[in-house]
Amino acid sequence: DAGVTQSPTHLIKTRGQQVTLRCSPISGHKSVSWYQQVLGQGPQFIFQYYEKEERGRGNFPDRFSARQFPNYSSELNVNALLLGDSALYLCASSLLVNSYNEQFFGPGTRLTVL
Amino acid sequence: KNEVEQSPQNLTAQEGEFITINCSYSVGISALHWLQQHPGGGIVSLFMLSSGKKKHGRLIATINIQEKHSSLHITASHPRDSAVYICAVRSNTGNQFYFGTGTSLTVIP
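Protein chains in written order, with the numbering used here: chain P, 638 to 751; chain R, 5 to 113.
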């Protein structure tokens, strides 16, 4: 059974561009969360989605948006990229949205903004 | 001030040693997670705790809700345990997750 998958694995963009990152959860998992991990730091929570609705949001600007599709896959969009958006973007899925469900992480998408 | 603080930041141990990593948090939580991150970024969830103690193989995690503190212990450490260990909490308000900056563990043969 496949784990959480993310695409692309690596991405290089320039300042001002827009980027879309994709995540497919483990089969049967209905909740997807997105995290940003800047080099040398712990991950920071961006969004959580469950049943296509946003259920949690971290302290990120409106340039960051996400959505979840009927098949529970998810996209993270970042507009007007800044150099500081360079990071590893991690997606995690869980069966349900409540805190008693373990999260399973994908391998991440490494975004470099030049 | 970070909502989650971990110590130590870096840890080097000889193979076979008993290792403890500590995590303190300042928010009300509904669950605490211990994660393992290997070079290259892959994260594996080790434990999810809301009370008490859990054991999995050589790993033991404890949490004290009153003191807002958790520890991760590794018994009989092995070089393959070398990784970054991250403590994360889910707040009981607002559905937020907060992460520590991680403890980088190196186990020397």
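To be clear, the hints were calculated from the coordinates, so they are not data collected in a lab. The C-beta atom is built at its ideal place from N, Cα and C for all residues, glycine as well. One or more of the hints may lead you astray.
These stretches of chain R come out as covered by chain P in the derived footprint (C-beta under 8 Å, 3 or more residues) [said to hold, decoys possible]: (1) 45 to 55; (2) 100 to 113.
Non-contacting residues of chain P with respect to chain R, defined by C-beta distances greater than 12 Å in every case (computed) [stated by the list, open to error]: (3) Gly653; (4) Thr657; (5) Gln740; (6) Arg747.
Pulled a few chain R residues facing chain P out of the computed Cβ check, cut under 10 Å [said to hold, decoys possible]: (7) Asn6; (8) Val8; (9) Gln10; (10) Gly20; (11) Ile23; (12) His37; (13) Gln41; (14) Ile64; (15) Ile90; (16) Cys91; (17) Arg94.
For each hint, the structure was consulted:
| no. | hint | verdict |
| --- | --- | --- |
| 1 | 45 to 55 | holds (count 7) |
| 2 | 100 to 113 | holds (count 7) |
| 3 | Gly653 | holds (26 Å) |
| 4 | Thr657 | holds (19 Å) |
| 5 | Gln740 | violated (6 Å) |
| 6 | Arg747 | violated (7 Å) |
| 7 | Asn6 | holds (8 Å) |
| 8 | Val8 | holds (8 Å) |
| 9 | Gln10 | holds (8 Å) |
| 10 | Gly20 | violated (28 Å) |
| 11 | Ile23 | violated (19 Å) |
| 12 | His37 | holds (7 Å) |
| 13 | Gln41 | holds (9 Å) |
| 14 | Ile64 | violated (17 Å) |
| 15 | Ile90 | holds (6 Å) |
| 16 | Cys91 | holds (8 Å) |
| 17 | Arg94 | holds (4 Å) |
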